[in-house]
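**Student:** Chain residues, written in single-letter form:
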Amino acid sequence: MSRRGKFLLAGGLGGIGLIVLLVALLGGQSIRGHLSDNYQRVSSNGDSIVYASNKKPKAVYESIRAAVPPADVQVDPQGYFMRYSDDIVAVTASGTGSRIYIDDERRGYAHWFPFVVGVWGTGSGSGEGVRGGGPGAGK
Amino acid sequence: MRRRSVAASLAMAALTTAAWPGTAWADVIFDQADAEELAGILAEAHEAQRVCYGWVVYVDNQNVQETSVGSNFGAGRSIDEAEGPSDCKAAVEFRASIYWRNESSIDEDTVGYEVVSNRVRPTTSDLDSLGLVSFEGLVGDDVDVDVFKAVSALPLLAADAGVAEPLEATPAPASVAAAANGAPTNSPGSDKLRQYGGAILWGFLLMFGGGMFAASALASSRPAATPPGAAPIFTLPDRVPTKEGRIRFTNPPAAGPTSPPPTTEPRRTPPGGTPATDPDRQTRPEE
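Here the protein sequences line up with chains A and B, keeping their order. Residue numbers are given in my numbering: position 57 of the first sequence equals residue 57, and the series is strictly consecutive. Residue numbers are given in my numbering: position 162 of the second sequence equals residue 162, and the series is strictly consecutive.
Please keep in mind that the hints were generated in silico from the structure rather than gathered at the bench. There may be inaccurate statements among the hints.
What follows is a list of derived Cβ distance ranges for each label pair [stated by the list, open to error]: (1) B:Asp80 / A:Ser63: 34 to 40 Å; (2) B:Gly162 / A:Leu18: 49 to 55 Å; (3) A:Gly11 / B:Glu168: 54 to 60 Å; (4) A:Ser48 / B:Ser125: 32 to 38 Å; (5) B:Gly84 / A:Gln29: 48 to 54 Å; (6) B:Ala43 / A:Ser63: 28 to 34 Å.
Reference listing, derived: stretches of chain B covered by chain A, where coverage requires no fewer than 3 residues with Cβ under 8 Å from a Cβ of chain A [as the list claims (entries may be wrong)]: (7) 83 to 89; (8) 156 to 166.
The structure presented is a predicted model; accordingly, all values stated were derived computationally and were not measured. Virtual Cβ for every residue (Gly too), placed ideally from N, Cα, C.
Use the sequences and the hints to build the structure in full.
**Tutor:** Here's what the structure looks like:
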């Protein structure tokens, strides 16, 4: 390959790599941005926000999970619980539709404590349940 | 590890059962507390929805067969133990067959699972769409985690299919977690890396590849040609002696009227004498 060809290839590879890197680092959407853009806000209290959807919980859960993959998911007959780096999202039924709750990690853990205790954190009586295996737990 | 421990627990359970019948726990998937917790979750859903839920997981662990059974009626109790139609307006069960093979065996681990219902839905594809169960999870060491999640999701699937009323969760007061000294642990890591980790890695690899090509191009490049009018770095002398002692012109003067004048000075003939035989030798006037 000629010297000029090598320089052209080097420039092309470097340029494409830089574009991919910038899109990956600057693009995408956070879980809070995705919920804000796609669901109707019902109430808020600081970092805790409640959204509503007329879709069933399963459809809402699948949509959120596909858009912003969570680190871990727990399920219970009453709802879906998704853990992100700084937030916890819960999707539960509300009439014929759904309610979507997003809280920061500490408040979300407290809100959904009965469903995630011993899995995403500590708490008296949590023990080492089988539901463990969340992020970093050596699943 | 899991296989050895399962085999060991089965052997221990068999011994314990023989010694103290009725006190041993020999579920191949769950320990007793987890099985009872799962059965309790199903019992709560059954009480609210009047739908029966259960699980049957058959495990062939290197030709040692065992089955894990449970339902809303209790751990170790099948969904078939319903007393009558009034008990279950519908029934939904998670069934799986897992075949663990010795690592030295040519046979691979295999697994199959399905959601069985006496209604059209929910189906296995409904469960698959939740992304809770995987082949790797069911043949791995933490099969209990995947089975627990799959069975816990059955009431959600039934509600989505219209077989049962959906159950609503309400946030607990913060005082509940505070009283239990509850706090989140094990940070889940960056959402950005989880979402775009592959793209970030590819970006770095492409940039690295570009850098390597650029370095290769620089290393193989030749010195630039001498521009016109610039002094050459090295030139051959006009005349080079050959082995035979003759003079060879490396840049012979071109013939013709347009050729430039020769660079060598014309020979000098000493006044009144014969020309010198050596043109390079300086002749001195005789004293």
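**Student:** If a hint holds in the structure, say so; if it doesn't, say that too.
**Tutor:** Going through the hints against the structure:
1. Our hint of 34 to 40 Å for Asp80 (chain B) and Ser63 (chain A) holds, since their Cβ atoms are close to 37 Å apart.
2. With their beta carbons about 51 Å apart, Gly162 (chain B) and Leu18 (chain A) fall inside the hinted range of 49 to 55 Å.
3. Between Gly11 (chain A) and Glu168 (chain B) the beta carbon distance is about 58 Å. The supplied range of 54 to 60 Å therefore holds.
4. Between Ser48 (chain A) and Ser125 (chain B) the C-beta distance comes to about 35 Å, which sits within the given range of 32 to 38 Å.
5. For the hinted restraint 48 to 54 Å between Gly84 (chain B) and Gln29 (chain A), the CB-CB distance of approximately 51 Å keeps it satisfied.
6. For Ala43 (chain B) paired with Ser63 (chain A), a C-beta distance near 31 Å keeps the hint of 28 to 34 Å intact.
7. For the stretch 83 to 89 of chain B, the assignment as covered by chain A is violated, since 0 residues bring a beta-carbon within under 8 Å of that chain's beta-carbons and 3 are needed.
8. Judged by the Cβ-Cβ criterion of 8 Å, the stretch 156 to 166 of chain B is covered by chain A as claimed, because 5 of its residues qualify and three suffice.
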